[in-house]
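Asks: Chain A is already provided as a structure; the job is to place chain B on it using the hints.
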Amino acid sequence: MGARVRSAVRAGLRGLCLAAAGLAGSITLFVLSVLSIVFVLLGVGALTTPWVLGLVRHWANWRRVVAAEWCGVRIPATYRPFPDDLRGGIVGQLERCRLMLGDPATWRDLRWLLVDMTAGFVTAVLPAGLVFYPLEGYAIAAGLWRVFTDGTHVGYWYGFVPISGQGTALLAALLATALLVTGLFTAPALLRVHFLLTRSVLAPADGELAERVRVLTETRRDAVDTSAAELRRIERDLHDGAQARLVAMGMDLGTVEALIEKDPARAKELLAQARQSSADALTELRDLVRGIHPPVLAERGLGDAVRALALRLPVATEVDVEPAGRADAPVESAAYFAVSEALTNAVKHAGADRIWVDIAHGDGMLRVSVTDNGKGGAVIGAGGGLSGIERRLGTFDGVLAVSSPAGGPTMVTMEIPCVLS
Amino acid sequence: MRVVLAEDLFLLRDGLVRMLEAYDFEIAAAVESGPELTKALAELDPDVAVVDVRLPPSHTDEGLQCALAARRARPGLPVLVLSQHVEQLYARELLADGTGGVGYLLKDRVFDADQFIDAVRRVAAGGTAMDPQVIQQLLSRRAADPPLGGLTPRELEVLELMAQGRSNAAIAGQLVVTERAIAKHTSNIFGKLGLPVSDDDNRRVLAVLAYLDQGR
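Here the protein sequences come in this chain order: A and B. Note that our numbering has the first sequence beginning at 4, numbered continuously upward. Note that our numbering has the second sequence beginning at 2, numbered continuously upward.
None of these hints come from the bench; they were simulated from the model. One should not assume that every hint holds.
Stated by the list, open to error - To give an idea of the chain B side of the interface with chain A (calculated C-beta under 7 Å), a few residues: (1) Thr61; (2) His86; (3) Leu90.
What the hints assert, rightly or not - Which bits of chain A does chain B cover? Going by a derived footprint, with three or more residues having C-beta under 8 Å, they are: (4) 276-288; (5) 305-313.
Quantities reported herein were computed from a predicted structural model and do not represent experimental measurements. Think of the CB as a built atom: it goes at the ideal place given N, C-alpha and C, for glycine as much as any other residue.
This is chain A alone, in the form it adopts within the complex (with noise of 0.2 Å):
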């Protein structure tokens, strides 16, 4: 029962701050929005369009985090995404303007607020009412109403009751009592209704999947960019290294063919410079063959592959590998040089001087978390060592979080979904 009494109570008062905030929020920024869309017309509209669009995002996306929190509603959030090369100054402000206006979302987010203003409005009331407007009969009924009333005229009403003297207010309080118990067993249910309403309006019949959709692609574009681009890198190191190396070698072989009877010596020299060369290919190729999939992994694994790595940081770095099994090839590549670039951001940019790793397996998950004592401060920015990993993940549908406050320890937690054979 007391459990009961908290739900009931608390989805009254999120009701009420929901129901008083919705009103005023959504009255303004409707308000403000069809101004300034109807000022697009006349030019001025379009500078301050994105500022108050961005507002009612901003606004609604407080609305899907309360919905999820408070109700376990999810509302998923499909506004389409910025081009990252989009300019700065007033051009900027006008194509994102044009954006803006073409995306559905928008004019869903404008919807909404008619909705919330009046529907919202009273379905998120509604829990409110019935759990606080109980308390006024009670009062009444305990000698409020003499307040109204002397006694021999209807002075007041509360609800449908007439208060006109101490039975009537009896009366109110038998009302109060059964709005109680409605309200003590409706009221969390009417707050998720509430919800319910906010989501049909917000969120796109097909939300979820457009959503997938525009992830996928993303990620897929990520994916093809990030492998062209390392073909592009290979194919210049061996250009410039191995192959270099070879052409070498073979034209002081050659060279050594004519001179081997004539200038023995000058040939034994070339010989050796030959063997050099052979040596230098062979250690580039390595160094090659490392970036592109370390042989440790493809023998032994991530865990090992792992320890491998941290054996060769001048950092001491303690690895813990929970998992037995083997992810698959593409995966334990992503995580390997995942972990790679955590390390490294350790070792050169946090100025750690212990580091942990720790890799589990559960409920379908790789967890992967690199932890280091350094001076923290690490955030995952545009064209970053922490951007390249989510990217790289991302193929994977995998996640990356940071936590890195100022003065450390920074934390870098990966996840990505996979199955151990």
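Replies: Chain B only, in chain A's frame:
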């Protein structure tokens, strides 16, 4: 001296056979897969095995696993492991039993036939042959630590060669100094690192390697 050789690439196997025969080794068997290697090691009782890390059928670290298993069955069986890449992780596994007779070299080292054959002989005699790259990795990560930081450049040079498994005579030859000078350097090194001095070359190497690898 009888050798069992395991290498899956024909060209390399053939080259190694010819090189070893040229230096008067007897090739007891030259095999190309893990199971064949296990069988040859168990049946032929060679003086030394020269093994590639990556072997069929799994093409993972099958050669290393076979060698480790054979050493468990016959402790101290001399094994020289060759690889396209060297990892401290594997070196540590090879050295773990502390009995010596272990080598771990990059395949590139066969370019220098004399040094390579020297390594094979050293391993066959129960000594150690660690690739310079492994030693450099070990040294570079601990270079700043107090006891190592206290060594003179010359002592570091000697330590590096010693850790590879070279004898005092070999180190003296390489650095072009007398053996007596090297002996002085080594006793200084052992003193600074706080290791017990030992006349036995092999025990000395294992102590140094264990020292370099500790605290990890």
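Asks: What hints, given by number in increasing order, does this structure fail?
Replies: none
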